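Student: Now for the letters of each chain:
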Amino acid sequence: MSQDFWNFLFIGLSFAVYIFIAIRSRAGSTGEFYVANRGVSPFANGMATAADWMSAATFISMAGLVASSGYDACRLLMGWTGGYVLLTILMVPFLRKFGKATVPDFVGDRYYSNFARFVAVVCAIFVCLTYIMGQMRGVGVVFSQLFGIDIWLGVIIGGAIVFFYASLGGMKGITYTQVAQYTVMAFAYTIPAIFISMALTGNVFPQLGLIGNTTGADGNPVAFLDKLNTINTELGFSKYTDGSLSKLNMFCITAALMAGTAGLPHVIVRFFTVKDVKAVRTSCCWTLAFIGVIYLTAPAVGAFARVNLIDKLQNTSYTEAPYWFAEFEETGQMAWVDKNGDGKIQYSGPGKATEGKSGAVFKDKPKHILGEDGKKIRGEHGQLLVSNEVDKTNPNELYFGTDIMVMANPHMAGLPRWVIGLLMAGCIAAALSTAAGLLLVLSTSVSHDLMKKIISPAMSDKVEMRWARGAALGALVIGVWFGIDPPAKFIAKTVAFAFGLAASSFFPTLLIGIFSKRMGRSGAIAGMIAGITFTLGYILYFQFNLPIVGKGTSEQLLFGITPEGIGFVGMLINFLVAFVVNIFTADAPQEVQDMVENIHIPTGSGGASDH
Amino acid sequence: MRPLFLALDPAKTLSKSPSLNVMSDHNPISYRRSSIRIVLSLLAVWFTASFVCAILARDWLDEHLPSIGNAPFGFWMSQQGAIIVFIILLIVYRFLMNRLDRQHGLVDPE
Chain A
-19 MSQDFWNFLF
-9 IGLSFAVYIF
1 IAIRSRAGST
11 GEFYVANRGV
21 SPFANGMATA
31 ADWMSAATFI
41 SMAGLVASSG
51 YDACRLLMGW
61 TGGYVLLTIL
71 MVPFLRKFGK
81 ATVPDFVGDR
91 YYSNFARFVA
101 VVCAIFVCLT
111 YIMGQMRGVG
121 VVFSQLFGID
131 IWLGVIIGGA
141 IVFFYASLGG
151 MKGITYTQVA
161 QYTVMAFAYT
171 IPAIFISMAL
181 TGNVFPQLGL
191 IGNTTGADGN
201 PVAFLDKLNT
211 INTELGFSKY
221 TDGSLSKLNM
231 FCITAALMAG
241 TAGLPHVIVR
251 FFTVKDVKAV
261 RTSCCWTLAF
271 IGVIYLTAPA
281 VGAFARVNLI
291 DKLQNTSYTE
301 APYWFAEFEE
311 TGQMAWVDKN
321 GDGKIQYSGP
331 GKATEGKSGA
341 VFKDKPKHIL
351 GEDGKKIRGE
361 HGQLLVSNEV
371 DKTNPNELYF
381 GTDIMVMANP
391 HMAGLPRWVI
401 GLLMAGCIAA
411 ALSTAAGLLL
421 VLSTSVSHDL
431 MKKIISPAMS
441 DKVEMRWARG
451 AALGALVIGV
461 WFGIDPPAKF
471 IAKTVAFAFG
481 LAASSFFPTL
491 LIGIFSKRMG
501 RSGAIAGMIA
511 GITFTLGYIL
521 YFQFNLPIVG
531 KGTSEQLLFG
541 ITPEGIGFVG
551 MLINFLVAFV
561 VNIFTADAPQ
571 EVQDMVENIH
581 IPTGSGGASD
591 H
Chain B
331 MRPLFLALDP
341 AKTLSKSPSL
351 NVMSDHNPIS
361 YRRSSIRIVL
371 SLLAVWFTAS
381 FVCAILARDW
391 LDEHLPSIGN
401 APFGFWMSQQ
411 GAIIVFIILL
421 IVYRFLMNRL
431 DRQHGLVDPE
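Each protein sequence line maps, in turn, to chains A and B. Residue -19 is where the first sequence starts when you use the numbering used here, and the numbers rise one by one after that. Residue 331 is where the second sequence starts when you use the numbering used here, and the numbers rise one by one after that.
Excised from the complex, chain A in its bound form (with noise of 0.2 Å):
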């Protein structure tokens, strides 16, 4: 069996679950497209949430991030996943009880303010559109990778696919289409790990492997990860078990992740579709469990395949490189460059083993030289040519992609094709469930925040339906757009942005909103605004050449933080400036407060007993 048939037979197994689904739950009612009729079991919550979470960059890319910074991928690891605990005992119960559909409903409500509500909701808007943008342009390159079409065409037949099931079924449809999607990633993401884990320390869990022994060069068990550090040093990069971060800048990366995860509209609202508070809890241990199912196997994933890799590359002579190698570096997620001219692969980094660039056989992504014939051109070696400028203060001659570490898992460790396949459908159904999770928000956020609750209050229950519908295409038409023609520094910064934006406003926004019942509107507001101001302007500053004012240098940075982890500074901002203008404006009126009482209580939010 060739490895198309296989491709086409898993996507096209997976796409006609996610579209048998999306038909039978067509939604009729904003109550279903919003929040599923809070009708949602726990579990199936758990696994939709889960895969709502995990995106194309977090299936594809985060082992290959954890192996090539080692240690100083925990920042991520722990980032987003003790986001949950956050999100779990200060934020999701409370806001069920609470018993609106969105999140901007909240703070709407909470602050008394149609203003407060709008800020909420371009804050939103803007989140799930730079998130959105990543998933859209990650399902066009897994679509031209696997069918040989252009990158666009992918975009739009993803795009077409998402709305289709998105604007029928509503919160509904994609509760249930996410389940499937989150069964194909876990079985895509583990099978592999398994098999690699047992080749190469003998372990049947890769967790396992990771802290066990493996075959050392002269044939005796050594610990792995001394496997790794060795390799590690000998090729000039740092020991991988070392960190190369400042401990202040660590801290405030992950408490930026933390607090911008537990701040996140778009998995906020997945909690609004259970039943009662009891069951809010519930599924956020399903959330969690089921995300630590990837999460925890990543680690183990990243530094399985940087010993596979550098074992069957490093001092190879190209033409006897595994098969493999050609088919990537076909597809540009890897390359080589002969500098000293011996033939061999040579890997090596006097660069520190972290994200930063320096070291790279050459910037940015291969550009392979075509022929007048429109053929690529290869070297003396059969080796595909880069018009790259090539660097060469430094030896290294190897490219590869972060997405390389997963995607050739499955090669390195001589699986069979249909785990190939499996591990294709597995990359769509992160980047769909992603996608379509963005999508409701911002068709919500669009259809009942801004035109239900702001402009048009006397709107019939159907007509915000069709403006859902129609706030989903438009959102999309956005999403496909900037999918196909990325602005790429933009979408690079998705990490600083999204999660930036999420810890400096609603995360701590929400916070005072639950535990602070005399907080009024002025304090908020202004917490709101100072938080979004000192974020999003310290992070332009810093990574964009800005008219006027030009870039930031790195000795600029304020303690050494940088961007990713400045959310922080900024959540911690919003706090004060809110405490501080609260002392001098008035408090929260009674009936808030008494509504903000009532959050504490976890009886009475029943909603399916509402039908």
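These are calculated hints, taken from the structure and not from any lab test. The structure displayed is predicted, hence computed values, not measured ones. Fair warning: there could be bad hints in the mix.
Listed next, with one range per pair, are the computed distances between beta-carbon atoms [stated by the list, open to error]: (1) B:Val437 / A:Lys292: 55 to 61 Å; (2) A:Gly540 / B:Val437: 16 to 22 Å; (3) A:Ile434 / B:Glu393: 55 to 61 Å; (4) B:Val422 / A:Glu577: 21 to 27 Å; (5) B:Pro396 / A:His361: 46 to 52 Å; (6) B:Ser360 / A:Phe0: 48 to 54 Å; (7) A:Lys292 / B:Pro396: 45 to 51 Å; (8) B:Ala374 / A:Gln536: 31 to 37 Å; (9) B:Pro396 / A:Gly359: 48 to 54 Å; (10) B:Ala374 / A:Ser226: 22 to 28 Å; (11) A:Glu310 / B:Ala374: 48 to 54 Å; (12) A:Gly199 / B:Phe425: 48 to 54 Å; (13) B:Ala374 / A:Gly394: 44 to 50 Å.
Note that CB positions come from ideal geometry on N, CA and C, so glycine has one too.
Given the coordinates of chain A, work out where chain B should sit on it, guided by the hints.
Tutor: Relative to the frame of chain A, chain B by itself:
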């Protein structure tokens, strides 16, 4: 059918909820205090497992605590341990809060 996001008026909910009418053993102040205590103690564990063990005191722990398998303690916490602790925390939270609700009679009728 009314869309359900309009259906929750706090005052109505309060009187509608049958459990609140029979809450002889529900003391709002002690309930609030106990739930805050649960939240704060779980947050303390959360902070210790992630920020203290995996970042701030990592080097010291690597040296002075026994390894987990072949991984130094702090490194293992950063890559695996913290996540496992998070999952356990959520299970404990669910258990403690559900028990507290029952003690205060704050349970929705099935």
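Student: Note whether the CB distance of B:Pro396 and A:His361 lies within 46 to 52 Å or breaks it.
Tutor: holds (49 Å)
Student: Return holds or violated for the Cβ distance of B:Ala374 and A:Gln536 against the range 31 to 37 Å.
Tutor: holds (35 Å)
Student: Per the hint of 48 to 54 Å, is the separation of the Cβ atoms of B:Pro396 and A:Gly359 within bounds?
Tutor: holds (52 Å)
Student: For the hint 55 to 61 Å, verify it against the beta carbon of B:Val437 and that of A:Lys292.
Tutor: The hint (55 to 61 Å, Cβ to Cβ) holds, given that B:Val437 and A:Lys292 are roughly 59 Å apart.
Student: Mind checking the hinted window 45 to 51 Å against the Cβ distance between A:Lys292 and B:Pro396?
Tutor: violated (34 Å)
Student: Between A:Ile434 and B:Glu393, does the beta-carbon spacing fit 55 to 61 Å?
Tutor: holds (58 Å)
Student: Do A:Glu310 and B:Ala374 keep their Cβ atoms within the hinted range of 48 to 54 Å?
Tutor: holds (53 Å)
Student: Go ahead and decide if the range 48 to 54 Å is satisfied by the Cβ distance of B:Ser360 to A:Phe0.
Tutor: Given range 48 to 54 Å: holds, Cβ gap about 51 Å.
Student: Do the Cβ positions of B:Ala374 and A:Gly394 conform to the proposed distance bound of 44 to 50 Å?
Tutor: holds (47 Å)
Student: Take a look at whether the Cβ-Cβ distance between A:Gly540 and B:Val437 falls inside 16 to 22 Å.
Tutor: violated (50 Å)
Student: Determine whether the Cβ-Cβ distance between B:Ala374 and A:Ser226 falls within the hinted range of 22 to 28 Å.
Tutor: Holds - the Cβ-Cβ distance for B:Ala374 and A:Ser226, about 25 Å, lies within 22 to 28 Å.
Student: That 21 to 27 Å hint for B:Val422 and A:Glu577 (C-beta), does it hold up?
Tutor: About 26 Å separates the Cβ atoms of B:Val422 and A:Glu577, which means 21 to 27 Å holds.
Of the hints listed earlier, those the structure fails to meet are numbers 2 and 7, in rising order.
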